[in-house]
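Go ahead and model the full structure; you've got the sequences and the hints to work with.
Protein sequence lines correspond, in order, to chains A and B.
Position one of the first sequence corresponds to residue 1 (my numbering), numbered consecutively onward.
Position one of the second sequence corresponds to residue 282 (my numbering), numbered consecutively onward.
In case anyone wonders, no lab produced these hints; they're calculated from the structure.
Misleading hints may appear alongside valid ones.
Stated by the list, open to error - Here are the computed lysine-lysine pairs in the DSS-like style, where the Cα-Cα straight-line distance is at most 27 Å:
(1) B:448 with B:508
(2) B:379 with A:101
(3) A:5 with A:280
(4) B:508 with B:553
(5) B:325 with A:169
(6) A:84 with A:49
(7) A:280 with A:19
(8) A:5 with A:19
(9) B:323 with A:232
(10) A:101 with A:84
(11) A:169 with B:323
(12) A:169 with A:232
Unchecked claim - Listed below are several chain B residues computed to face chain A (Cβ distance under 7 Å; list not exhaustive):
(13) 336
(14) 338
(15) 349
(16) 350
(17) 369
(18) 378
Even for Gly, the Cβ is constructed at its ideal location relative to N, Cα and C.
Spelled out from the first residue to the last, the chains are:
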Amino acid sequence: MLTVKDELQLKNITLNIRKKILRQIKAGRMGHIGGAMSIAEIITALYFKIMRVDPENPDWPMRDRFVLSAGHKCLALYAVLAEKGFFEENILDTYGSLGSKLPGHPNMFEIPGIETNTGALGHGLSIAGGMAMGLRMDGLQSKVYVIMGDGELAEGSNWEAAAACSHHKLSNILVFVDRNHLQIAGRTVDVMSYEPLDERWRAFGWSVREIDGHNIRQIVEVAEAFPFEEHKPSVIIANTVKSKGISFAEDRADFHYWKATDEEILRAEQDLLEIERRLKG
Amino acid sequence: MSELKDPRKTFGEALVEVGELYENVLAISTDSSAGSGMTPFKEKFPERHLEFGIMEQGAIGFASGLATTGKIPFVVAIAPFVTSRPFEMFRNDLGYMKQNVKVVGRCAGISYSDLGATHQSLEDIAILRTIPGVTLFNPGDPAEIKNVVHAACEINGPVYIKIGKNKMPVLHQAGYPFEAGKGVVMRDGKDVTIIGTGTVLSKAHLATQILEKDEIDVRLIDIHTLKPIDVDIILKAASETNYIVTVEEHYLAGGLGSEVAELLAREGVCAKIKMIGIDDQYVKSGPYEELLSLYGLGAEQIAQTVKKLLL
Ligand SMILES: Cc1ncc(C[n+]2csc(CCOP(=O)(O)OP(=O)(O)O)c2C)c(N)n1
Ligand SMILES: [Mg+2]
Numbered sequence: 001m002l003t004v005k006d007e008l009q010l011k012n013i014t015l016n017i018r019k020k021i022l023r024q025i026k027a028g029r030m031g032h033i034g035g036a037m038s039i040a041e042i043i044t045a046l047y048f049k050i051m052r053v054d055p056e057n058p059d060w061p062m063r064d065r066f067v068l069s070a071g072h073k074c075l076a077l078y079a080v081l082a083e084k085g086f087f088e089e090n091i092l093d094t095y096g097s098l099g100s101k102l103p104g105h106p107n108m109f110e111i112p113g114i115e116t117n118t119g120a121l122g123h124g125l126s127i128a129g130g131m132a133m134g135l136r137m138d139g140l141q142s143k144v145y146v147i148m149g150d151g152e153l154a155e156g157s158n159w160e161a162a163a164a165c166s167h168h169k170l171s172n173i174l175v176f177v178d179r180n181h182l183q184i185a186g187r188t189v190d191v192m193s194y195e196p197l198d199e200r201w202r203a204f205g206w207s208v209r210e211i212d213g214h215n216i217r218q219i220v221e222v223a224e225a226f227p228f229e230e231h232k233p234s235v236i237i238a239n240t241v242k243s244k245g246i247s248f249a250e251d252r253a254d255f256h257y258w259k260a261t262d263e264e265i266l267r268a269e270q271d272l273l274e275i276e277r278r279l280k281g
Numbered sequence: 282m283s284e285l286k287d288p289r290k291t292f293g294e295a296l297v298e299v300g301e302l303y304e305n306v307l308a309i310s311t312d313s314s315a316g317s318g319m320t321p322f323k324e325k326f327p328e329r330h331l332e333f334g335i336m337e338q339g340a341i342g343f344a345s346g347l348a349t350t351g352k353i354p355f356v357v358a359i360a361p362f363v364t365s366r367p368f369e370m371f372r373n374d375l376g377y378m379k380q381n382v383k384v385v386g387r388c389a390g391i392s393y394s395d396l397g398a399t400h401q402s403l404e405d406i407a408i409l410r411t412i413p414g415v416t417l418f419n420p421g422d423p424a425e426i427k428n429v430v431h432a433a434c435e436i437n438g439p440v441y442i443k444i445g446k447n448k449m450p451v452l453h454q455a456g457y458p459f460e461a462g463k464g465v466v467m468r469d470g471k472d473v474t475i476i477g478t479g480t481v482l483s484k485a486h487l488a489t490q491i492l493e494k495d496e497i498d499v500r501l502i503d504i505h506t507l508k509p510i511d512v513d514i515i516l517k518a519a520s521e522t523n524y525i526v527t528v529e530e531h532y533l534a535g536g537l538g539s540e541v542a543e544l545l546a547r548e549g550v551c552a553k554i555k556m557i558g559i560d561d562q563y564v565k566s567g568p569y570e571e572l573l574s575l576y577g578l579g580a581e582q583i584a585q586t587v588k589k590l591l592l
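In structure tokens form, the structure reads like this:
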């Protein structure tokens, strides 16, 4: 259940996440902006409403697990972990500097709260499946949440994992596909189409839902209804906009990785201030 | 001739032993559990065997995830399919993530001598050796297979165990001194050191007996742990004997011989080394023993190579 007050609070936190993503880019002068911004609502809903995690006790055995299969979206993960209190916020300002604890793809040994070392696309779902299996063996209620990119789905290893999750009836796993329709080289349908996406997942034995990935209420309500079917893994195809929130970068493949100029950063900050004004007003 | 034992059967027995010792040991197969020696484990612990079908990359990833929940998965399959094929999964999901997964490459080397290069693994050590934190075992006899399986469970981290297909002679007495990361001096000598590993340790051992007849005093070292390798035993051999000869069923590039040469170069030690292994080629097809001889890995050929060095 999500009250209107909860919803507003989650929207405010999402804004903080976007600000923290930008803050890291500002520190490092570059970074994977597009895919981080497109999952801001999803990752906020997960960490602030859906998942059971404890920043004071990051290795708590009963915790839910989060696997960022598309590791290049890690600016969003760092932002949400900082917002949640897993580490000191000022570490965000070290992004891009020598020996930073925040490499361009996440490392579980650098900061607490990171569960996997991803970055090479197409690894996360197998690891997540193994986690789900192990948790189930131990009789734990913990769930495993995964975020994947839509371009990432071209990696064959994902479909090995998808088959194994359904064969082994891992109903404790929920995947979000960040369907921002873009990857490095352009539109996903043009580069390597995996449409119709919902039917493909269904054919692999998954229970599928489709949502607006920027609508926090929808995210929470659908995620709270997981598992969607008994004995089946669940997937949410979340339609999103790459670089959401940064007006000049939205839905543009060339902002997959952003080498930011001072002027662009200023404009981006103004965009986020504008969102803040609208939220308050 | 000493007693011969099937390496996969021996591995299967060892898996049951560690299964009894550690309740979190799991067996993961990819459509070949029987061929991987898992049948006794499956019968004893059916709920601890997980089948993944022909999905080696996925199986390594799942094993990594299982290990994050405290399990000790053993992933066992034909060597190239759990080493070169899922190399990136091995590197990232096991190595970089430091996960407690044991990968067993069976029928390794050219032991599938009639199945062609697709089923052989002459580069597994070379590639896995580049992954920081992975322990590499290449046991040289049945007793050692058991020892390394037990040792693997005592190590909290990724381990690769390489075993062959053909029956292996028993070389070590029960209770011989085994320690992970430490070589075993099987015969002391001062003219030349032969360092053998894995399936062809027995050939090196036989070669030593041939050389004895010519009054050549051979030191024979068994290197069962290829990473971390026993530095001291090699440096000692370099200073105390005139030659070091390495013997392995692996490409010359990146295997035991490379390791020894790199080690000596790193330490700035000058020594005469001869590497016996397979050079840059896909091997011919044929009976295993005949192939080994063709590539200089038969006992006679090893002895000949050593004699030529000393002449
Ligand atoms: C195995 C692998 N190949 C290539 C890359 C390089 N790469 C990083 S992000 C990316 C595009 C990903 O697209 P998508 O999954 O749609 O994520 P988005 O950028 O939209 O967040 C590529 C090709 C990689 N990280 N891993
Ligand atoms: Mg995309």
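How the hints compare with the structure:
| no. | hint | in the structure |
| --- | --- | --- |
| 1 | B:448 with B:508 | 25 Å, holds |
| 2 | B:379 with A:101 | 18 Å, holds |
| 3 | A:5 with A:280 | 13 Å, holds |
| 4 | B:508 with B:553 | 22 Å, holds |
| 5 | B:325 with A:169 | 24 Å, holds |
| 6 | A:84 with A:49 | 11 Å, holds |
| 7 | A:280 with A:19 | 16 Å, holds |
| 8 | A:5 with A:19 | 21 Å, holds |
| 9 | B:323 with A:232 | 26 Å, holds |
| 10 | A:101 with A:84 | 17 Å, holds |
| 11 | A:169 with B:323 | 20 Å, holds |
| 12 | A:169 with A:232 | 5 Å, holds |
| 13 | 336 | 5 Å, holds |
| 14 | 338 | 5 Å, holds |
| 15 | 349 | 6 Å, holds |
| 16 | 350 | 3 Å, holds |
| 17 | 369 | 6 Å, holds |
| 18 | 378 | 5 Å, holds |
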